[in-house]
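Residue numbers (our numbering), protein chains in the order written: chain A, 1 to 57; chain B, 58 to 473.
Check before you lean on any hint, since a few could be wrong.
Claimed, not checked - One-sided and incomplete, this derived list gives chain A residues near chain B with beta-carbon spacing under 8 angstroms:
{"hint": "1", "residue": "12"}
{"hint": "2", "residue": "15"}
{"hint": "3", "residue": "26"}
{"hint": "4", "residue": "39"}
{"hint": "5", "residue": "42"}
{"hint": "6", "residue": "43"}
{"hint": "7", "residue": "46"}
{"hint": "8", "residue": "48"}
{"hint": "9", "residue": "54"}
{"hint": "10", "residue": "56"}
What the hints assert, rightly or not - Quick list of the computed label-pair ranges, beta carbon to beta carbon:
{"hint": "11", "chain 1": "A", "residue 1": "43", "chain 2": "B", "residue 2": "468", "range": "14 to 24 angstroms"}
{"hint": "12", "chain 1": "A", "residue 1": "56", "chain 2": "B", "residue 2": "128", "range": "11 to 21 angstroms"}
{"hint": "13", "chain 1": "A", "residue 1": "21", "chain 2": "B", "residue 2": "409", "range": "26 to 36 angstroms"}
{"hint": "14", "chain 1": "A", "residue 1": "39", "chain 2": "B", "residue 2": "76", "range": "32 to 42 angstroms"}
{"hint": "15", "chain 1": "A", "residue 1": "39", "chain 2": "B", "residue 2": "332", "range": "48 to 58 angstroms"}
Simulated from the structure, these hints should not be mistaken for lab results.
Here the structure is a predicted model, which means the values were calculated and not measured.
Backbone N, C-alpha and C fix where the C-beta goes; we use that ideal spot for every residue, glycine too.
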Amino acid sequence: MSDKSTLLQGPLKVINIGLESFARDLDAQGVQTLHVDWTPPAGGDAKLAALLAKLGS
Amino acid sequence: MELIEKANQAALERLLTGDPVLIDVIPAHEAIPALEPGMILHAGPPIEWDRMCGPMKGAIMGIAVLEGWADDLGDAERRARAGDFDFHPNHHFDAVGPMTGMTTVSQPLLVVENKTFGNRAYCAINEGLGKVMRFGGNDAEVLDRLRWLKDSFGPALGRAIRSMGGLPLKPIIARGLSMGDEMHQRNVACSGLTLRALAPALADTADDTAELSRALAFIAGNDQFFLNIAMGLGKAITDPMNGIEGCSIVTAMSRNGTDFGIRVSGTSEQWFTAPVEMPDGLYFPGYSEKDANPDMGDSAIVETIGLGGFAMGASPAVAGFVGAGAASEAGHFTRRMGEITVTENAEWTIPAMDYLGVPTGIDIRLVVETGLAPTINTGIAHREPGIGQVGAGVVRAPMPCFTQALTTFADTLGVS
Numbered sequence: 001m002s003d004k005s006t007l008l009q010g011p012l013k014v015i016n017i018g019l020e021s022f023a024r025d026l027d028a029q030g031v032q033t034l035h036v037d038w039t040p041p042a043g044g045d046a047k048l049a050a051l052l053a054k055l056g057s
Numbered sequence: 058m059e060l061i062e063k064a065n066q067a068a069l070e071r072l073l074t075g076d077p078v079l080i081d082v083i084p085a086h087e088a089i090p091a092l093e094p095g096m097i098l099h100a101g102p103p104i105e106w107d108r109m110c111g112p113m114k115g116a117i118m119g120i121a122v123l124e125g126w127a128d129d130l131g132d133a134e135r136r137a138r139a140g141d142f143d144f145h146p147n148h149h150f151d152a153v154g155p156m157t158g159m160t161t162v163s164q165p166l167l168v169v170e171n172k173t174f175g176n177r178a179y180c181a182i183n184e185g186l187g188k189v190m191r192f193g194g195n196d197a198e199v200l201d202r203l204r205w206l207k208d209s210f211g212p213a214l215g216r217a218i219r220s221m222g223g224l225p226l227k228p229i230i231a232r233g234l235s236m237g238d239e240m241h242q243r244n245v246a247c248s249g250l251t252l253r254a255l256a257p258a259l260a261d262t263a264d265d266t267a268e269l270s271r272a273l274a275f276i277a278g279n280d281q282f283f284l285n286i287a288m289g290l291g292k293a294i295t296d297p298m299n300g301i302e303g304c305s306i307v308t309a310m311s312r313n314g315t316d317f318g319i320r321v322s323g324t325s326e327q328w329f330t331a332p333v334e335m336p337d338g339l340y341f342p343g344y345s346e347k348d349a350n351p352d353m354g355d356s357a358i359v360e361t362i363g364l365g366g367f368a369m370g371a372s373p374a375v376a377g378f379v380g381a382g383a384a385s386e387a388g389h390f391t392r393r394m395g396e397i398t399v400t401e402n403a404e405w406t407i408p409a410m411d412y413l414g415v416p417t418g419i420d421i422r423l424v425v426e427t428g429l430a431p432t433i434n435t436g437i438a439h440r441e442p443g444i445g446q447v448g449a450g451v452v453r454a455p456m457p458c459f460t461q462a463l464t465t466f467a468d469t470l471g472v473s
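The following block holds chain B by itself, in its conformation from the complex (with noise of 0.2 angstroms):
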């Protein structure tokens, strides 16, 4: 149909025009004014708790004794059983976050500009790996960090960044493609970049050298650091597809551990929801299968721009680490999807597969007619709450989520 091809180019448009900036990190009551105490953001879809998995419960457990909204987890269990926080996606306020994804009201954001449109969205820092939040770690270490993000690390990156008029971020995913990241399961060359970018304004701004030293050797053993970057650009240059009629590109795609969501521009902020898949993946020593929790987060949206499991050729290494096969396999990720979007992004390339640009533009009509579903590369979460990540792998978004999104578009353009 005419229309549908004309809306699809228009919402590539705006997404390949877009201009994401790294301009701030400032606490989530300011970047997000409707946000209140007792309010808690999450990832993925709308969800109660009592149909929250281990770590969603496990992450709001420790997020509300961090708040100070209960007086410890068991206290915050009771209240969150009988109803005294409000649950909300992300994505519903312009928001973005890692596996159990929490926010809330004091939590430093990052805060990504897209200068071509004049949005933003935000997203919380990286933790870094072993025991954290984002995998339902909820102890004393977990929350400790999570007070020096919120009190020192967060105004310090703050100030470095504004007093570098802001990071550009576009030429930085441009160079990690070029240096083996898919920013997803893979961020060490971007949150190198970063650093690089970064640290003589930190030092610059800095009024204490042992945090500074501390700051720095914060981004600098985080691989991961880069990834909540990327996921705030993600959503930085998505949202402003939103709503275009006849147009059939997935705006979103995000997990809350127990369904997959997906959101489509012609079908504005209606959810396609259906249960989440487990990962086929590798595991951490000592952790198998049967500890793993089924596939979580908002980071998917960096699928959704074509990078993470789509941008598969430009990391060999990844394949091996979330056990998608050999490294001369990678590739092949890339072309199927390839199969399933519009267009190829010409600034985002993959030197390995002659300059490839990264598949962009997720078609609806696309994933249900060729039966390939969207890979995303992810991390996996134990599925008891407070033990952490146990594993990578490889997940595809289910297929009923495209089938539903499809008969609902249809009806939005009046075939049947």
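Next comes chain A alone, as it looks inside the complex (with noise of 0.2 angstroms):
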């Protein structure tokens, strides 16, 4: 891994994952940008999280 540095010292190569509206802004201005479709399991939805965990999802 690079050094921290050193990071903003090159051109940018991001990976988003969440929000895609972040991706969009970034390619925007010619970020190379990588999104990742994710989103929390279940939604979010902690006690249907739980559930899926026990039951081995």
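Now that you have both chains on their own, put them together as the hints suggest.
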């Protein structure tokens, strides 16, 4: 992994997880962006997520 | 949980080893002995008259006149409101029906036998396009066509199928997928293949040349003729999956125009329902979304077995027809449905997707976890009775059906 101090010195390459609008904004500014279509399990419903964990999903 | 994984594998083995064969066409009262005069089987989960949508009421009024249980449509409506008819889901009687899904004693039913397990499933004959009862049509033209299906076409088709010793259906689906069908909104190839198989037997067993000609023209003129056969196939191969303890696979998805319902193997015959959604689609000239009825029909049984919206990648043409985007995007639908299914069907593959098997075995755990609801390709009926189809589109199964099912399923396993 490169030194943090050099992170912003070259062209940015971004992996975006979650809200797609962040990726779209970066893309519009010419930033190379890969969007990962991800949402929390069960849409963030903690009770259902816990149930899923017990059911082995 | 190991119990669930084993149960799901057992269910999938039953689904994938099913051998559905179209064996006959017989009157509904012979196919379903429990069906009596005054009983009307409909699409979707249970519903009573007051909550039915316009097309469902229109079809019920029409079928009551056709069966001779009412003098006219107005009389039929009065009798329905007064409780003279008993309404039950097709699914409770080994049957399925497209859109409104009317099944009554005298209707000719396609008989699909699952040779592996010996069970049978039934579906009415597809009426063709235009004004038809499955979309709520109920005028003289609609009723006359149904009388012809009952008195002439159905018996002729039954004779032909019997003389052939039955028509194996899995190979037709396999070929249809390679010819651009997804078996819900596009059945052009499978209908043609079926006609090619049936035509010699229809000719051999015909007793009237004019009626033979009319029968051949009827099949040839209906690109959706195979849909009802595919639905009977779907019911025949999913029923043996019912009632496996610990199985989280969906065994039926169905809509009555008011409620969407699903059944899950591990919770047996219980329905999990939620209000149906409005399809997102394209409309025929002169119609728009304000004319549309919400989602309806037992036809989502084809998505339950990995076809229809799940096999969109096989049918780029249908993506345009149902307003699902560019043809090049059709494969995305299939890949996404792969995220909520347990396996791929090695016998039903999509050449344009490097022979990917259609995504099969909807797991309620995966649906709830991903938030991805099953995609269904569907016709759109006019919201008023008696008008018919006004478009086609894509609709998603409501997520509350799956969250309810998951909670109940967990209860059956003592998990909370």
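Now for the hints, and whether the structure bears them out:
{"no.": "1", "hint": "12", "in the structure": "violated (27 angstroms)"}
{"no.": "2", "hint": "15", "in the structure": "violated (20 angstroms)"}
{"no.": "3", "hint": "26", "in the structure": "violated (22 angstroms)"}
{"no.": "4", "hint": "39", "in the structure": "holds (6 angstroms)"}
{"no.": "5", "hint": "42", "in the structure": "holds (5 angstroms)"}
{"no.": "6", "hint": "43", "in the structure": "holds (5 angstroms)"}
{"no.": "7", "hint": "46", "in the structure": "violated (13 angstroms)"}
{"no.": "8", "hint": "48", "in the structure": "holds (6 angstroms)"}
{"no.": "9", "hint": "54", "in the structure": "holds (5 angstroms)"}
{"no.": "10", "hint": "56", "in the structure": "holds (4 angstroms)"}
{"no.": "11", "hint": "A:43 <-> B:468: 14 to 24 angstroms", "in the structure": "holds (21 angstroms)"}
{"no.": "12", "hint": "A:56 <-> B:128: 11 to 21 angstroms", "in the structure": "violated (59 angstroms)"}
{"no.": "13", "hint": "A:21 <-> B:409: 26 to 36 angstroms", "in the structure": "holds (32 angstroms)"}
{"no.": "14", "hint": "A:39 <-> B:76: 32 to 42 angstroms", "in the structure": "holds (40 angstroms)"}
{"no.": "15", "hint": "A:39 <-> B:332: 48 to 58 angstroms", "in the structure": "violated (23 angstroms)"}
Violation of the numbered hints given earlier is confined to hints 1, 2, 3, 7, 12, 15; the remaining hints are satisfied by the structure.
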